[in-house]
Amino acid sequence: MEYDKEFLQGLYATMVRIRTFESKAEELFLQGKLPGFIHLYIGEEAIATGAMANLRKSDYITSTHRGHGHMIAKGADIKKMMAELYGKETGYCRGKGGSMHIADLSIGVLGANGEVAGGLPIAAGAGMAIKLQKKDDVVIAFFGDGASNRGAFHEALNWCSVFKLPVIFLNENNQFASTERVQETTSVANISDRAVGYNIPGVSIDGNDVIAVYETVKAAVERARSGGGPTLIEAKTYRIKGHFVGDPTLYREKSEVDEHWAQEPIGRFERELVSMGLLSEEEKKKIWDAAKSEVEEAVKFAESSPYPAPESALTDLFVDDAGYDY
Amino acid sequence: MEYDKEFLQGLYATMVRIRTFESKAEELFLQGKLPGFIHLYIGEEAIATGAMANLRKSDYITSTHRGHGHMIAKGADIKKMMAELYGKETGYCRGKGGSMHIADLSIGVLGANGEVAGGLPIAAGAGMAIKLQKKDDVVIAFFGDGASNRGAFHEALNWCSVFKLPVIFLNENNQFASTERVQETTSVANISDRAVGYNIPGVSIDGNDVIAVYETVKAAVERARSGGGPTLIEAKTYRIKGHFVGDPTLYREKSEVDEHWAQEPIGRFERELVSMGLLSEEEKKKIWDAAKSEVEEAVKFAESSPYPAPESALTDLFVDDAGYDY
Amino acid sequence: MREITFSEALGEAMYEEMSRDPTIFTYGEDIAKQGGIFGAYKSLLGKFQGRVIDTPISEEVIFGSALGAALAGMRPVAEFHFADFLFTGMTAIANQIMKFRYMTGGQAKLHLVLRGPDGISKSAAAQHSESIETIFMHIPGIKVIVPSTPYDMKGLFKTALKSEDPVICFEHKMLYGLKGPVPDEEYYIPFGKADVKREGKDVTVVTTSRMVHESLKAAANLEKEGISVEVVDLRTLVPWDRETVINSVKKTHRLVVAHETWKRSGWSSEIAFIVQREAFDYLDAPIEKVGAYNVHIPFSPPLQDFVVPDYKDVEKAVKNVLGGI
Amino acid sequence: MREITFSEALGEAMYEEMSRDPTIFTYGEDIAKQGGIFGAYKSLLGKFQGRVIDTPISEEVIFGSALGAALAGMRPVAEFHFADFLFTGMTAIANQIMKFRYMTGGQAKLHLVLRGPDGISKSAAAQHSESIETIFMHIPGIKVIVPSTPYDMKGLFKTALKSEDPVICFEHKMLYGLKGPVPDEEYYIPFGKADVKREGKDVTVVTTSRMVHESLKAAANLEKEGISVEVVDLRTLVPWDRETVINSVKKTHRLVVAHETWKRSGWSSEIAFIVQREAFDYLDAPIEKVGAYNVHIPFSPPLQDFVVPDYKDVEKAVKNVLGGI
Ligand SMILES: Cc1ncc(C[n+]2csc(CCOP(=O)(O)OP(=O)(O)O)c2C)c(N)n1
Ligand SMILES: Cc1ncc(C[n+]2csc(CCOP(=O)(O)OP(=O)(O)O)c2C)c(N)n1
Ligand SMILES: [Mg+2]
Ligand SMILES: [Mg+2]
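From first to last, the protein sequence lines are chains X, L, H and F.
Throughout the first sequence, residue numbering follows this note's numbering, covering 1 to 326 in sequence.
Throughout the second sequence, residue numbering follows this note's numbering, covering 1 to 326 in sequence.
Throughout the third sequence, residue numbering follows this note's numbering, covering 1 to 325 in sequence.
Throughout the fourth sequence, residue numbering follows this note's numbering, covering 1 to 325 in sequence.
It is worth saying that the hints were derived from the structure and are not from the lab.
Just to be clear, a hint being listed does not mean it is correct.
Claimed, not checked - Pair ranges (Cβ atoms, derived):
| hint | chain 1 | residue 1 | chain 2 | residue 2 | range |
| --- | --- | --- | --- | --- | --- |
| 1 | L | Leu-30 | F | Gln-49 | 50 to 60 Å |
| 2 | F | Lys-250 | H | Pro-183 | 22 to 32 Å |
| 3 | L | Lys-300 | H | Glu-278 | 45 to 55 Å |
| 4 | H | Gln-49 | X | Glu-2 | 54 to 64 Å |
| 5 | H | Tyr-187 | L | Ser-293 | 51 to 61 Å |
Because the structure is a prediction, the values reported are computed rather than measured.
All residues carry an ideal CB built from backbone N, CA and C; glycine is no exception.
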């Protein structure tokens, strides 16, 4: 690999941080400590990590209902994320949003999204803004295989192609939309085949290979920054957890899941790094320990934070919190 | 040509009937006799005519705001159409719909549509019904080049491909969506290129060639009837009239229009038939005269029909005209 | 009488009518394999081969195709998954389904049903918690049913499955697990007939869905303070039963309208308008309403509790309208 | 004072604010080449290179991209072409724009404007004639402006272009050609301030948009019969000016609310609800409303005339509420 050790360990560390955060979130949810419902990014860490390694702070992303990994990879504060999952005043959205609505405008995260494909039109708009401002920032729009069947996908891809906007459409094909397999609902073998319909480059890659993701997104980001317009990338992966924590997953066999566990991206990358002598046992332990204590601290922060005052529910709708017509 | 004279003259006659109806409608509109606004099918007659020559009465179509040609070719009653354009009680919709909402369920016309691409989901539903009923009917969904950029297009094509429904998507690419040229807003060179995104056959043809339309749709209809699923056909044509009657058409030069007049489908087919000895001057005159007197009669019928009683506005919302909450 | 859950009641209605009428089929996201995300279709699992269909996430076609299928002779039952995602395919409803029959001069019978969950659950937050039935009452062209009990769910839904007009059914997420008596015998509940869930003489509370139960709880509490509350469950909003409401107000002289949706321009305002017009001289106090504050449903439990009304808000409103004695 | 048309007033507002603020840009279908289908952008033709953009027919992106562009620092003005097609991209408005700031805990300033024509014209029929402002008043998260005169159009729209919150502006098709006085000097009209377009003492008519003119006509006619009508033009629905309305009713003791949209659950019901609650003891008669019958807008002229209200309906309603003297 032509990359230096620091860079590669950085990718590894980001994936580990995501995994650690998600495993903790799962545990907390099962303990009944988190309200609402959460969708885990476990097994898909390579995509956010490889993609975001190409971005600057001023670049934008739009995320999904399965957004924790995107946030962390883009540089979000794990404490504020955890506090939001708890519904606390110190969370990203002051408790108003929860898992599915975390945003951090200060680092270009234009929101997770509870609506499937809801982020794609937003990404197109951010792309328009960048072009009008004559900047060379880019937008990555994350979306699932299920999302690729919504009209918003089509409208956004055509729009960004027509106006040559700097938007990378990064499809996370984890083989399932809730209970439905991608083949049942999606008419193409590869979601990237749809790029032809917008006259833009389309490519499918192994989404569990963080380097493949990094390099493919790199090329797309470079094209976008230099005015070459959008790219559609399909990162093929597998959702090894349920759709949400608590999903009975009656729609697949455990054996199928077990097979895919063997391919999960962190172990795979770790084995590579170790075999190439780029990750010692000690370094590995340090990375996992650091992640663990960071997440534990986030939990402490969240648990010791207050709930928002009930009346604060009446703020944040408008800039002038005039309380119209309450 | 391997077709018999009667069939070919039939195609010609249908195109002539459409042209005659539309020219009359234009004239009446400019005389201030028709309320609302109308979109003419002049120059696009070959598409509806060639397509519908493949259909049975029990087959369905969904139409557009530019729907008069589709209706006539599917066998609609010109009298009731004209009466509807006048807003009369004897019109197809008893005056409630006007040009953009004409339907005739008795011959499978599931409505013109004032919403661009609004008919495509309806077509998908009719296709589902046919499949569940184990019939071998088909649906043709007409839509414009502009409509191909709406989300509904994408959702409907994916849906019909996934469920292998007997729906033919017939795109009428007349080069314009109102004031906008297709190239300005549509990212592909051929709208049929988008078929790849749904793993279905896609083909582009000369939409001013009635035989090409007939044959291409024939193949698609046969595939659909035998369970082969949907096809996307792009019929390339040119809108030689304004978007609606009265359109100032500041967005193009007259010279461009003049060039395309030379390619309009009726004259072209007529020249072919004449040169092949399949249409005599006399036959031609008979066909035009018949169309003219049919349309004149329709005008007479419409003009002598009464307006609907004002209170009849309160019927037809629900089957039980209970007048809820008026 | 045997007791079954709200969601079982829906399942029974579907099962009975699908058995009777081969043109009924149902489709939507995630309905075929686990019986729907709230289990409403569990009783259909493995039954009715080919008539319970999982679809792509394509709401405009989910709704729009219902129109096409109805025009072609079927009785589609399309699930909207979450009321919030009615907006995702809204044009197929508001511009197509709701207008088709009218603008074609009555050519079609639109026997189609849209159904699915609405309302809050435990911290589902802004994009999974909406109650937007008012919009479907405002725009003409669809009948709106909003059942509150297993009995009503089954009876109203069976009527919906025989309706010749489009119907939309809102099932509150917090009600799916609710148990209640449902007779073994077949029955249908007509649209437009309110059910007086509790008789009373001091104040009328007009309500639907989850708020019926909150209102009944409030009524029980208020009884201890000597206040007699009549709880009128409208059950259907299009059409709604003016007669029962107006007669109740003529008896009690006081009205509270309670719903979960936003107060501002919620359907409570329409009920209030009609009542003040039809029973002006009977009203002894201004009409009050109970509803959500005009913000979105927040995630954090104390915030959600603050925004969304419950029995305490009903009690307060009832006392308010009595304050004017 | 010079007189200009409603559509010129909009053009002036856009021209002045775009000249001042380089982050404003505008886009939609058919706006760049002929100045918009109702000519509202004629004054922008050939100006502001690259900032007046024709787009594909992709309403979900037209609306949703406004949110993205605002988040990235621009001030988008997206045209919705016809109010009916708000439904076509409704989810981008109702699930994204209207919720974003709230559910992210106030992180963003959403300086974006949606604007376009609503209401009837001459027989545009059911899919091109809607007035659906009530829906945007019901769902929280957007400010709603509904100007009736060139003066109000310009002043309100200039305020919209400086707003830090999302704004939707409904411009009635029949008003674009209306002329009225507009000063040369710059001015802004704040949201939430009604304009008493005519003073009177017997009945208050609260209204907006085209119905302001119908109400003024009715008032002029009624004056000849000795009836004095006060016409209050709300100008904005979110927020709306309760104070002016309530004070007027406290003076006249009678209220009619007049709008073009459907009567059932139209915003008139909300005005009526608040007034009966806040001024119960001042009301000498039931509140009346004027609006469209609860069907869609039919094509044929006599049908459209029957369904849609005009000055005669206002006169009738005024006499109705006076009948109770
Ligand atoms: C518009 C819309 N329809 C339906 C849903 C309900 N829903 C939530 S996630 C989901 C599946 C999404 O699948 P995919 O896009 O593949 O993302 P994944 O969950 O696999 O990451 C569905 C149907 C929704 N949130 N939004
Ligand atoms: C959803 C929607 N958006 C916008 C419009 C306004 N409109 C009517 S026709 C038209 C252009 C349609 O172009 P195309 O699909 O190519 O059909 P053509 O008119 O060329 O036949 C537009 C934008 C509409 N009717 N519906
Ligand atoms: Mg997926
Ligand atoms: Mg076209």
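To see whether the hints hold, each was checked on the structure:
1. L:Leu-30 with F:Gln-49: 50 to 60 Å: Once the Cβ atoms are compared, 37 Å apart, the range 50 to 60 Å for Gln-49 of chain F and Leu-30 of chain L is violated.
2. F:Lys-250 with H:Pro-183: 22 to 32 Å: violated (54 Å)
3. L:Lys-300 with H:Glu-278: 45 to 55 Å: holds (49 Å)
4. H:Gln-49 with X:Glu-2: 54 to 64 Å: Roughly 56 Å apart at Cβ, these two residues keep to the hinted range, so it holds.
5. H:Tyr-187 with L:Ser-293: 51 to 61 Å: holds (60 Å)
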